[in-house]
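Take the sequences, apply the hints, and build the full model.
Chains S and D are the protein sequences, given in the same order.
Each step along the first sequence adds one to the number in this note's numbering, with nothing skipped, and position 185 is 185.
With positions in the second sequence counted from 1, the corresponding number in this note's numbering is that position plus 1000.
Keep in mind that the hints were calculated from the coordinates and are not lab data.
Note that CB positions come from ideal geometry on N, CA and C, so glycine has one too.
Hints are supplied without guarantee of correctness; some may be wrong.
SDA-like mimics (lysine to any residue), calculated; alpha carbons at most 20 angstroms apart, straight line [to be verified]:
| no. | chain 1 | residue 1 | chain 2 | residue 2 |
| --- | --- | --- | --- | --- |
| 1 | S | K326 | D | A1596 |
| 2 | D | K1224 | S | Q323 |
| 3 | D | K1083 | D | G1225 |
Covered stretches of chain D (chain S as the covering partner; in silico rule of three or more C-beta atoms under 8 angstroms from a C-beta of chain S) [as the list claims (entries may be wrong)]:
| no. | region |
| --- | --- |
| 4 | 1003-1012 |
| 5 | 1095-1104 |
| 6 | 1509-1518 |
Number of protein chains: 2
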Amino acid sequence: MADKFISERNLRFLLYEVFDAPKITQYPYYAEHSRESFDMALDTAMKIGKNLMKPKLTEMDKNPPEFVNGKVKVHPMVRGLMKECGEGGWIGAPFSFDLGGQQLPLMISGACRFILSAANYSASVYPFLTTGAAHLILSFGSPEMVETYVPKMFAGEWQGTMALTEPQAGSSLADIATSAEPTDQGFYKLRGQKIFISAGDHDGVDNVIHLMLAKIKGAPAGVKGISLFVVPQKRLENGQLVFNDVNTAGIYHKLGYRGAPITQLSMGENDDCRAYLVGEPHKGLLYMLQMMNEARIDVGLGAAAIASAAYYASLEYAQQRPQGRKVTSKDPTQPQIPIIEHADIKRMLLFQRAVVEGSLSLIMQCALYADLGRVLTGEEQQKYELLLDLLTPVAKSYPSEMGLLSVSAGLQILGGYGYCDEFPLEQFYRDARIHPIHEGTTGIQGITLLGRNVTMKNGAAFKLFHAEVQETLKKAEEIAELNPFARELKAAMDGLTQVTLHLIGLARSKGPEVFLADSSLYLEFFGIISIAWQWLLQAIHVQKSLRQNPAGSDADFYQGKMYAFRYFFHYELPKMEGLAKRLTDGDAFTVEMRAAHFAD
Amino acid sequence: MADKFISERNLRFLLYEVFDAPKITQYPYYAEHSRESFDMALDTAMKIGKNLMKPKLTEMDKNPPEFVNGKVKVHPMVRGLMKECGEGGWIGAPFSFDLGGQQLPLMISGACRFILSAANYSASVYPFLTTGAAHLILSFGSPEMVETYVPKMFAGEWQGTMALTEPQAGSSLADIATSAEPTDQGFYKLRGQKIFISAGDHDGVDNVIHLMLAKIKGAPAGVKGISLFVVPQKRLENGQLVFNDVNTAGIYHKLGYRGAPITQLSMGENDDCRAYLVGEPHKGLLYMLQMMNEARIDVGLGAAAIASAAYYASLEYAQQRPQGRKVTSKDPTQPQIPIIEHADIKRMLLFQRAVVEGSLSLIMQCALYADLGRVLTGEEQQKYELLLDLLTPVAKSYPSEMGLLSVSAGLQILGGYGYCDEFPLEQFYRDARIHPIHEGTTGIQGITLLGRNVTMKNGAAFKLFHAEVQETLKKAEEIAELNPFARELKAAMDGLTQVTLHLIGLARSKGPEVFLADSSLYLEFFGIISIAWQWLLQAIHVQKSLRQNPAGSDADFYQGKMYAFRYFFHYELPKMEGLAKRLTDGDAFTVEMRAAHFAD
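Dropping the structure here:
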């Protein structure tokens, strides 16, 4: 099997050449860090990925979690990984020193997460779900709550989860039915069911801490009546872990992502499930949304990571597999050539690379915004928070949707072998399919982008995004080689602005249903522009380096970057033409059509 | 699980309203048939599909073939199915009465095949591979050969295969190494290996007859030295079946399509594999190409069939699953609505339907061309053969590539449930992935379309295609409702012509490598135009029927057709804009780029 799953060269190009991550250490909050500490974190992640996680990739797929006697049994590596991640400080890495974290910028902890996810996505969710759950407790929980749960979670001894989905509600959180009844003992009694809970129960940890949405009895209907609770699988009583009536009803048999169990949970079957309110009543969705935004970018990161592993697996195959000859020299007595010499194979490899490196660049851009949002204040802080908010659905969905297609192209490069489990492509193809679904489907992301983010605060976030793109265009225009590409992106950005204005006009004239009918297409359009922007940004830095040292040892890397950049502008960016045409053609027939028309 | 896997209404719409299949019975060859005999064939296929095949769909996926003691064990249903298909005359259905067939037009036998493939694709390949192999023997074999093999194959007692691929050759047939040494006993001694041979060995039949490519010792290098042989797994000696030294080396563990075994074969390990030359020496590829063209359209048919089953599974879910509310009425105290009411879900369902019914229409169009090619002579015959030849890579690839995306959209409609094996979508998603690979990858189809078919006979086939589209446009222009759509397709067809001329110019100025570099994109472009043409053709007949009976019981079906038609023109046809832009932008960097640029 292919060993390489990410390009360390590319990761350092993004971190140190494009986004200049060490610059963030000028702010006091990150002042303890340096390029050296960043490199150390990256190197350690590479070691864990290579030595511990990647070797179990296939094995965990072939031996998925089992549900035995009401308990979930997972691969034995999980316990070791949680321990390693706990001892190495990985679970708490993004948090501040005083909270027991490493105060790492998100650019770096995100890059490390990318490495681990590319090595073995299923395995990576155990520690990182714990990070997310701990973050909720740290942000909104009481000091006692923090003290009770966070150290054990940071140590990798207790698993954290986010428990939102219910059978009758799915994406419609307004309709959750899990109920919490107040008691006079400081806790609530919980009753209800949750489904699709990742790592909701397993034997790789000693306890599972659910961050769970429920409705306090008598709460208002809909999303305004949702509260957030800590619901431990086992609760502490007199220093002992006691079963808290959180029952595992079963696990799902899934297409992929098989190394992690997805559970159905049933709480309060014996009327003894204690839940602890986080923050104030009825503000659960608000709290959870903060977490979900982080989780959404992490999904994009995971999608780009799987696409990365798939890219290097198909690249290796293409380099080694001889087959056919150039169309210009068909002499059958001559040896066959490696398939990487065929233009169509190069096109598919460039597609994979353009998606992987373009997506990762956008995610790093978002991480930079988050890091700046943390250290700045006032208007500057608001600026970066707005940009991050705007781009979150894009950073979730573009890698998820295009990751599928790029992994599929990778599988295609291997032909029949790609369809067989001797090579990892078929697993990546299955694993990758989860990303457009979990943490809000692509449809939900589209509605969030168009229905909320683009218009919020009178379009303030969209204007900031426009200014960011303009700044990149300005720099690109100063470089002769990039001029034609800058013109293309300028026209595309103008197209996006026009389409946006057209749709906002529709909202006024035809109402919200017509306005939002094609928000998935709008999201796709926005994604293409965003990734083109990131590629232009990368090209600016490539050109800088090539000028300084045109024949250096990195010349092939930089030239390759330029080809992937050109691929994006020649093959992907033009897709906006068809999208713009549809988004402005004014025929809202998907709204008008009735269910009966699907008869026969 | 969803029961419906195809729309009989749609099948009859295509056969009887759009393509007027009974009209072919005016020709003496088909004169024994009638609408009644066609309906009988379709009804019988529905019964087999419903009662025998569909119920085993999941079971065959969960219990894939096993390789035990050098033999392949398949699901016990396979033997029953082969028997049923033999007794019912399904394997020989397309052949003439004197050859033991039913002389059914390909439109009807193809429609029946569509039904069986949609019910259970893996199961359907056993009988239909046998049909294909028998066809080769009937076309090019000696009378003795026909007598020896065909009756047993038609009876479903012996399996037929096509054995082309070898480990070192893959798509490059010029490089096959299986060798055939002449003897003075009328047979050849065969030695070599084949891989990826569908149904190459199994216990559902008594014998397997391989139609195998090999090189006679001393033959010219490359494709000009390839001969076709019959290589039985067991040969007849004195009325007894005797092992013919065709050894099964193993089977592949595959992503999907698990109901059928894909085998590795090793011939002549004991120097006792007898092969019987079909036709003349060194003409094997010529013979096989005829079969491959049929097989390619059948792959398109299978892809459309899986997409059909996926469509009805997701449609049923969307009709039954309540979730969320209209964006115009968010009151959480009101009941949730079925998700089919959401515009984004309707869009995805329309995408599925547009791909399924558009693809099937194109395949039926090809079947009509084949049927006309059989009964006509001279220039008329040549016309239909050229059209069929031209469209074969399109009819193979469009359903294969877009089938993947439409099944993926179907899975997305189910959200998390789509990812789990409680619903059939995840299986369809895996099964469908084979189609862009087998019988020539999409890349190979692109090169065939652009490098051979479009330019052959001085562009004669392309001109005929152009005339066919013009004829449809003319009819559409006479119907007011279709006028704007006719204009769109006219412009798109002009675009295709311009792109084609541009590329032919490139061939002259820059050589074949640049000419063919983006032939996959050209194929995609050609596919979109072809399916738009088929949708306009369908819309013409819908309009006719709606005029005759605007409020009939079929009104919902016809209105639904119009929505799917509009979907295609509003969402799919505009994709040509981006493709045309790339195909004419003149930057051949995928040719110029070197493998070293993929460094790091």
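Now for the hints, and whether the structure bears them out:
1. With a C-alpha separation of about 17 angstroms, the suggested pair S/K326 and D/A1596 falls inside the 20 angstroms cut-off, and the hint holds.
2. The suggested pairing of D/K1224 with S/Q323 holds, with an alpha-carbon distance near 18 angstroms, which does not exceed 20 angstroms.
3. Annotation: proposed proximity of D/K1083 to D/G1225 is violated, straight-line Cα distance about 38 angstroms (limit 20 angstroms).
4. Interface restraint, the region 1003-1012 of chain D with chain S: holds (3 residues with C-beta to C-beta distance below 8 angstroms; minimum three).
5. Under the rule that three or more residues need a Cβ within less than 8 angstroms of chain S, the assignment of the region 1095-1104 of chain D is violated, with 0 such residues.
6. Coverage of the region 1509-1518 of chain D by chain S holds in this model, with 6 residues showing a Cβ closer than 8 angstroms to a Cβ of that chain against a need of three.
In this structure, the hints that do not hold are numbers 3 and 5, in rising order.
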